[in-house]
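Peer 1: Sequence:
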Amino acid sequence: MTITQLKEKYFNVIDSTDFDKDFMTAVKEEYPNFSDKLIEKILEYCWSEGHSSGYYEVINCLLALTDILDFFKKK
Numbered sequence: 015m016t017i018t019q020l021k022e023k024y025f026n027v028i029d030s031t032d033f034d035k036d037f038m039t040a041v042k043e044e045y046p047n048f049s050d051k052l053i054e055k056i057l058e059y060c061w062s063e064g065h066s067s068g069y070y071e072v073i074n075c076l077l078a079l080t081d082i083l084d085f086f087k088k089k
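Plus 14 on top of the position in the sequence shown (first one is 1) and you've got the working numbering.
Among these hints, one or two may not hold up.
Under the rule of at most 20 Å between Cα atoms (straight-line distance), these lysine to aspartate or glutamate pairs were calculated in the DMTMM-like manner [stated by the list, open to error]:
{"#": "1", "residue 1": "55", "residue 2": "43"}
{"#": "2", "residue 1": "21", "residue 2": "44"}
{"#": "3", "residue 1": "51", "residue 2": "36"}
{"#": "4", "residue 1": "42", "residue 2": "22"}
{"#": "5", "residue 1": "51", "residue 2": "22"}
{"#": "6", "residue 1": "42", "residue 2": "81"}
{"#": "7", "residue 1": "21", "residue 2": "71"}
{"#": "8", "residue 1": "21", "residue 2": "32"}
{"#": "9", "residue 1": "55", "residue 2": "71"}
{"#": "10", "residue 1": "35", "residue 2": "22"}
{"#": "11", "residue 1": "23", "residue 2": "44"}
{"#": "12", "residue 1": "23", "residue 2": "43"}
{"#": "13", "residue 1": "55", "residue 2": "34"}
{"#": "14", "residue 1": "35", "residue 2": "50"}
{"#": "15", "residue 1": "51", "residue 2": "29"}
{"#": "16", "residue 1": "21", "residue 2": "43"}
{"#": "17", "residue 1": "55", "residue 2": "44"}
{"#": "18", "residue 1": "21", "residue 2": "34"}
It should be emphasised that the hints constitute simulated quantities derived from the structure, not laboratory data.
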């Protein structure tokens with residue numbers, strides 16, 4: 015699952031027990047050199063105050079970070 019697919023899957027979802035796992039999978043797919051601990055920190059940040067209005071906002075937070083993340087992405 016890519017980040018784009020994650021965004022499409024959770025566009026109008028209100029409650030899901032799979033979101034955190036899907037988030038981790040999507041980030042790992044696009045940033046395979048990122049450790050699980052780093053991805054968990056990104057997820058934690060995006061769920062933090064100001065980004066906790068729903069899955070779509072958490073994904074938008076992730077997308078806002080992609081320019082920074084792409085700097086560290088191995089090609």
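Peer 1: Hints the structure violates: just list their numbers, smallest first.
Peer 2: Violated hints (numbers, rising): 5 and 15; every other hint is consistent with the structure.
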